[in-house]
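Residue numbers (my numbering): 1232 to 1499.
The set of hints was computed from the structure by calculation and includes no laboratory data.
What you are looking at is a predicted structure, and each value in this text was computed from that prediction instead of being measured.
Using N, Cα and C, we set each Cβ at its ideal position, and we do this for glycine too.
Mixed in with the good hints there might be a few duds.
What the hints assert, rightly or not - Label-pair restraints from in silico Cβ distances:
{"id": "1", "residue 1": "Q1442", "residue 2": "I1332", "range": "43 to 51 Å"}
{"id": "2", "residue 1": "G1246", "residue 2": "L1441", "range": "48 to 56 Å"}
{"id": "3", "residue 1": "L1424", "residue 2": "G1485", "range": "16 to 24 Å"}
{"id": "4", "residue 1": "P1469", "residue 2": "V1247", "range": "34 to 42 Å"}
{"id": "5", "residue 1": "G1373", "residue 2": "T1486", "range": "37 to 45 Å"}
{"id": "6", "residue 1": "G1298", "residue 2": "G1246", "range": "51 to 59 Å"}
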Amino acid sequence: MSQASTHAETLPKMGVNWIGLYTIVRREVQRMMRVPIQAFIAPWISALLFIFIFGSVVGGRISTIGGHRYLEFVLPGILMMNVINAAFLQSSSAIYFSRFIRFVEEMLVAPLSYFEMVVGSLSTVVLRASITGIGILLMGLGFGASTIESWPLFIFWVVSVSTIFGLAGIIIGLWSKSFEQLNMPVVFFLTPLSMIGGSFFTASMLPSWLQWLAWINPFFYFINGIRGAMIGVDETPPGLGIGLTLLLILVLGGTVWRLYARGYGLRE
1232 MSQASTHAET LPKMGVNWIG LYTIVRREVQ RMMRVPIQAF IAPWISALLF IFIFGSVVGG
1292 RISTIGGHRY LEFVLPGILM MNVINAAFLQ SSSAIYFSRF IRFVEEMLVA PLSYFEMVVG
1352 SLSTVVLRAS ITGIGILLMG LGFGASTIES WPLFIFWVVS VSTIFGLAGI IIGLWSKSFE
1412 QLNMPVVFFL TPLSMIGGSF FTASMLPSWL QWLAWINPFF YFINGIRGAM IGVDETPPGL
1472 GIGLTLLLIL VLGGTVWRLY ARGYGLRE
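Produce the entire structure from the sequences given, and follow the hints as far as they go.
Set out below in structure tokens:
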């Protein structure tokens, strides 16, 4: 029997290792706080530039969309873009560097289940994404553009989307063999899909023959969900975005658990 299968079969029988879980979270928080410019300042500056450009420059030349100022309309998209990036970069870099410095080997021999390893990583992911989102929300207040229609929905979208991209980051971190591979998804998928996911426009503004691009883009549902929570404007059918989001969490969560159980990327 392999070491991976033995680990998977024995540890779940134990209770939750709260000390081990706390240790994982503390380590990842400390690692995150050692690079505050990369973790928080950089996305906040980027968001501030977007807010300034679309609020003071472009926004003054565009009429209202859905009964809201243009800045109020694009702010949720800017916030969600940065939440996605923060979540993905936190989890992908954490697992990659754990493999790179061989720290993951210490975790594998510790009395920790795969569930505890993943939850410990995702806790820091959600924390970083939430702090990033709150900072952008506060910036929007300075421009008179931050409103929240539903706090429960706002929290749901921030936590669930950061969980999705935290899980996706773990998968990429396990797969990556170099820094170049680690950054490929950001360049080729996250940034393009965020830009065409309705951050700065509605699906109805696209030509009719191109609107299908928005509807097959999962980012479209994330951005519309947070926009509905903030200003009450959501182009998607009720419940569709939430259902898709929960389904993605289940699929990605199952995939991550399976990769850990097989030892993929962990024992290479």
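Status of each hint after checking the structure:
1. Q1442 / I1332: 43 to 51 Å: Distance hint for Q1442, I1332 holds at roughly 47 Å.
2. G1246 / L1441: 48 to 56 Å: holds (53 Å)
3. L1424 / G1485: 16 to 24 Å: Holds, at about 22 Å.
4. P1469 / V1247: 34 to 42 Å: At 36 Å between Cβs, range holds.
5. G1373 / T1486: 37 to 45 Å: holds (40 Å)
6. G1298 / G1246: 51 to 59 Å: Cβ of G1298 to Cβ of G1246: about 52 Å, so the range 51 to 59 Å holds.
In summary, this structure violates none of the numbered hints.
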